[in-house]
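Asks: This is what each chain is made of:
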Amino acid sequence: MKAVKKVLPIFAVLLVIGIFVYSVASEKSGDVKKYGFACGSEVTVSVSGTFKGEEKAQKAIDESQKLDKLLLSDTLPSSKTYQLNKTGHLLDDNGELVSYINECMALTEKCPQMTILSKPFSIAWDITGNGRVPSKDEINETLQNANPNNLKLNGNEITLSNGALISFGAFGKGTVCEKAIETLKSENVKCALVTVGGTVGVLNSKNNTTLIGVRNPFLSAGEYFATVEVNNGYLSTSGDYEKFFEKDGKKYCHIFDATTGCPVESNITSVTVITNSGTASDFLSTAIFILGENGLSLAKEMNAQVIIVNKDKSVIASKSLEGNLKLTNNDFTVIYK
Amino acid sequence: MKQKQVAKLTVTALFTALSVVLSILEGFLPTFAVLPPGAKPGFSNIIVMFSALSLGAPQTLFIVFAKSFFAFLTRGVMAGCMSLAGGVLSSFCMLFVFRKLQNIGCVGAGVLSALCHNLGQLLVSFITVGTTAVFGYAPILLVVSVITGVITGSLLKAFLPYFKGLEKHFSKEMEK
Amino acid sequence: MKKLFTKIDLIIIAVVLTLGVALLLFRPSNNGKTAKIYVDGKEYKTISLENNEYLETKVNNVVIIAEKGEIYIKSSTCPDKICVGAAHLSKKGQSAVCVPNRVSVEILGKSENTPGAVTG
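Sequences listed follow chains Y, P and V, in order.
Letter by letter, the first sequence follows residues 9 to 345 of our numbering.
Letter by letter, the second sequence follows residues 12 to 187 of our numbering.
Letter by letter, the third sequence follows residues 82 to 201 of our numbering.
Quick caveat, the hints were computed from the structure, so don't treat them as lab data.
Some hints here could point you the wrong way.
Said to hold, decoys possible - Computed list of lysine-lysine pairs in DSSO-like fashion (alpha-carbon distance at most 27 Å, straight line):
no.: 1; chain 1: V; residue 1: K114; chain 2: Y; residue 2: K41
no.: 2; chain 1: Y; residue 1: K41; chain 2: V; residue 2: K173
no.: 3; chain 1: P; residue 1: K175; chain 2: V; residue 2: K139
no.: 4; chain 1: V; residue 1: K173; chain 2: Y; residue 2: K60
no.: 5; chain 1: Y; residue 1: K251; chain 2: V; residue 2: K114
no.: 6; chain 1: V; residue 1: K123; chain 2: Y; residue 2: K60
no.: 7; chain 1: V; residue 1: K173; chain 2: V; residue 2: K123
no.: 8; chain 1: V; residue 1: K123; chain 2: Y; residue 2: K77
no.: 9; chain 1: V; residue 1: K88; chain 2: Y; residue 2: K251
no.: 10; chain 1: Y; residue 1: K41; chain 2: V; residue 2: K117
no.: 11; chain 1: V; residue 1: K162; chain 2: Y; residue 2: K258
no.: 12; chain 1: V; residue 1: K173; chain 2: V; residue 2: K139
no.: 13; chain 1: Y; residue 1: K67; chain 2: Y; residue 2: K214
no.: 14; chain 1: Y; residue 1: K251; chain 2: Y; residue 2: K144
no.: 15; chain 1: V; residue 1: K162; chain 2: V; residue 2: K123
no.: 16; chain 1: V; residue 1: K126; chain 2: Y; residue 2: K193
no.: 17; chain 1: P; residue 1: K111; chain 2: P; residue 2: K15
no.: 18; chain 1: Y; residue 1: K41; chain 2: V; residue 2: K126
no.: 19; chain 1: V; residue 1: K155; chain 2: Y; residue 2: K198
no.: 20; chain 1: Y; residue 1: K334; chain 2: V; residue 2: K123
no.: 21; chain 1: V; residue 1: K114; chain 2: V; residue 2: K162
no.: 22; chain 1: Y; residue 1: K321; chain 2: V; residue 2: K172
no.: 23; chain 1: V; residue 1: K117; chain 2: Y; residue 2: K319
no.: 24; chain 1: V; residue 1: K88; chain 2: V; residue 2: K117
no.: 25; chain 1: Y; residue 1: K41; chain 2: V; residue 2: K88
no.: 26; chain 1: V; residue 1: K123; chain 2: Y; residue 2: K41
no.: 27; chain 1: Y; residue 1: K255; chain 2: V; residue 2: K117
Can you make the complete structure from the sequences, with help from the hints?
Replies: Below you can see the structure in the form of structure tokens.
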């Protein structure tokens, strides 16, 4: 026991030093970052200063990949959505697809130019391939396919008829991003950053914010023209600069107006939405791309902030962003509405 | 003479088993985010230290090889190599220190032993991964070595009388 | 019998601790000169851009070139080639991804004024 008495004070000092060093090391060792793929995009999960950060980040990656693979994807055979599209009928055992469909339809009710039955449009216009301009008859057929009456929900039974096909392309990235953030929250993570392609999810404790760059649609990915500080929330962007095709001198983007069956044509090149729901941010970025400035009232109603970038580099942003949005490129001018 | 050798053999065998058991128990401890994966308190170092101190070089190396072999069998090639590198480096260090630096204390020996063990593991990581990124762990490992070294050194001091008694006990048993 | 704690022990501990803490505090943090290539979400290779050497990496049908302190995707078998059109990476936090081939390149490090992520 004499040995213990001698060692104890030394050990106590060492412990204090150890704790100090550990906290410095946690900070300096930087974020833990994990990678994955979901919704046709790269997923990154960055976690700061958390015990067992690597495991937690990996879990978030796994959960987001799982959600895409088993529920949301319309291209992977393992997904319920794919199976539903294939046979036109699904008995949704745990009701998760039913509730997700309901969640999305509650959103599309606010904007009739959007629908979850958009897949026939993508197919007719060959968006995943080289792109083509369908005939008027073909377009009319897709409009019939996309008729909301073609989708029937009866308890846990989902039925599609008349060539209806579901695609969550305008919602999925936001939902998957939110799934990752929620997974991290359930693991007691206080500070994290998730990206699913261009959709960003931010998690912070009360008084902290993360600086997020707003993509410059005229330059390549990673280039930004402005920054915002975000405490907690999701940022989604819809634009015409990544998936598009050109035919006979005309540019066609991949965002469809469900009432015309054709890609949207406007002066807008990108819309970024910031709000506290992943799915809603993804939905709104597409909705406002279609609605333009008229969509600003919808955003306000849903407690979301918007940044609209026009083809002439003029920018319209929500009034609540004034003071937060900072331009880093002089080619752009901002008006707050 | 022969009895002492047999006693030594018995103790070596005993310690090999003990060393393996300690490795298993350590395997159940959680890993910390800041430390490299696999960094552990190294309780089996106590065995290595005592062996280097009282049993001798061949016995010490035998225990280290046996422990590494066990790690290889249960946790794979990487674990085996790391255990071997760490154990061998630590053994040589202990053997050298106990011969040349006679007035080193148990705590100092513990720290050096932990240091060498971690260094050996780091070198194996470096050779495997091929980039110098692993040396980013060096600073924190240095500090951790001190903490674990103090613990294992103190434990060595506490158990020394019992360890020494073992050898004497086996010698006496032989005489009977 | 051996002693528990002697003067030599104190010297050893002091030296090791000082070395460790010193290394930690004065470690040169990522100066935008280390890039990592990830394949299928896992680290594949780490490349130093410091010596401006030319280095070609080919993985999963994607060719990545490191030269003159920059790194970029030179070619890829993907249909859209968004990754090939991306800018050359030279600053901390910048990245380029080829989703169809599941390859991404990133320059490590984070500085105070750089955004944690970019939308888009």
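Asks: A separate judgement is required for each hint: does it hold in the structure or not?
Replies: Structure-based check of each hint:
As the CA atoms of V/K114 and Y/K41 are separated by approximately 18 Å, the hinted pair is consistent with the 27 Å bound. For the hint pairing Y/K41 with V/K173, the CA-to-CA distance comes to about 14 Å; that is within 27 Å, so the pair holds. Restraint check for P/K175 and V/K139: not satisfied, since their Cα atoms lie roughly 60 Å apart, outside the 27 Å limit. Between V/K173 and Y/K60 the alpha-carbon distance is near 25 Å, which keeps this suggested pair within the 27 Å criterion.
For the given pair, Y/K251 sits about 32 Å from V/K114 by alpha-carbon distance, which is inconsistent with the 27 Å threshold. For the hint linking V/K123 to Y/K60, the alpha-carbon distance of about 18 Å falls within 27 Å, and the restraint holds. Restraint check: the Cα-Cα separation between V/K173 and V/K123 comes to about 19 Å, which is no more than 27 Å; the hinted pair holds. With a C-alpha separation of about 19 Å, the suggested pair V/K123 and Y/K77 falls inside the 27 Å cut-off, and the hint holds.
Of the pairs offered as hints, the one joining V/K88 and Y/K251 is violated, with about 71 Å between alpha carbons and a cut-off of 27 Å exceeded. Under the criterion of a C-alpha separation no larger than 27 Å, the hint pairing Y/K41 with V/K117 is consistent with the structure, at around 12 Å. Restraint check for V/K162 and Y/K258: the C-alpha separation of about 21 Å stays at or below 27 Å, so the hint holds. As the CA atoms of V/K173 and V/K139 are separated by approximately 23 Å, the hinted pair is consistent with the 27 Å bound.
Between Y/K67 and Y/K214, the direct Cα distance comes to roughly 24 Å. Compliance with the 27 Å bound is thereby established for this hinted pair. Proximity of Y/K251 to Y/K144 is assessed by CA-CA distance (about 23 Å); at most 27 Å being required, the pair is judged to hold. With a C-alpha separation of about 22 Å, the suggested pair V/K162 and V/K123 falls inside the 27 Å cut-off, and the hint holds. The straight-line distance between the Cα atoms of V/K126 and Y/K193 is roughly 31 Å, outside the 27 Å bound, and the hint therefore fails.
The hinted pair formed by P/K111 and P/K15 meets the criterion: a straight-line CA distance of about 25 Å does not exceed 27 Å. With a C-alpha separation of about 15 Å, the suggested pair Y/K41 and V/K126 falls inside the 27 Å cut-off, and the hint holds. Annotation: proposed proximity of V/K155 to Y/K198 is violated, straight-line Cα distance about 38 Å (limit 27 Å). Distance hint between Y/K334 and V/K123 is unfulfilled; the C-alpha atoms sit about 35 Å from each other, more than 27 Å.
For the hint pairing V/K114 with V/K162, the CA-to-CA distance comes to about 25 Å; that is within 27 Å, so the pair holds. At roughly 25 Å between alpha-carbon atoms, Y/K321 and V/K172 fall within 27 Å of each other, so this suggested pair holds. Straight-line distance between C-alpha atoms of V/K117 and Y/K319 comes to about 35 Å, which puts the hinted pair past the 27 Å bound. At roughly 46 Å between alpha-carbon atoms, V/K88 and V/K117 are farther apart than 27 Å, so this suggested pair is violated.
Note on Y/K41 and V/K88: the hinted pairing is violated, with a Cα-Cα distance of about 44 Å set against a maximum of 27 Å. For the hint linking V/K123 to Y/K41, the alpha-carbon distance of about 10 Å falls within 27 Å, and the restraint holds. At most 27 Å may separate the alpha-carbon atoms for a hinted pair to count; Y/K255 and V/K117 exceed this at roughly 39 Å.
Hints 3, 5, 9, 16, 19, 20, 23, 24, 25, 27, counting from the list given before, are not met by this structure.
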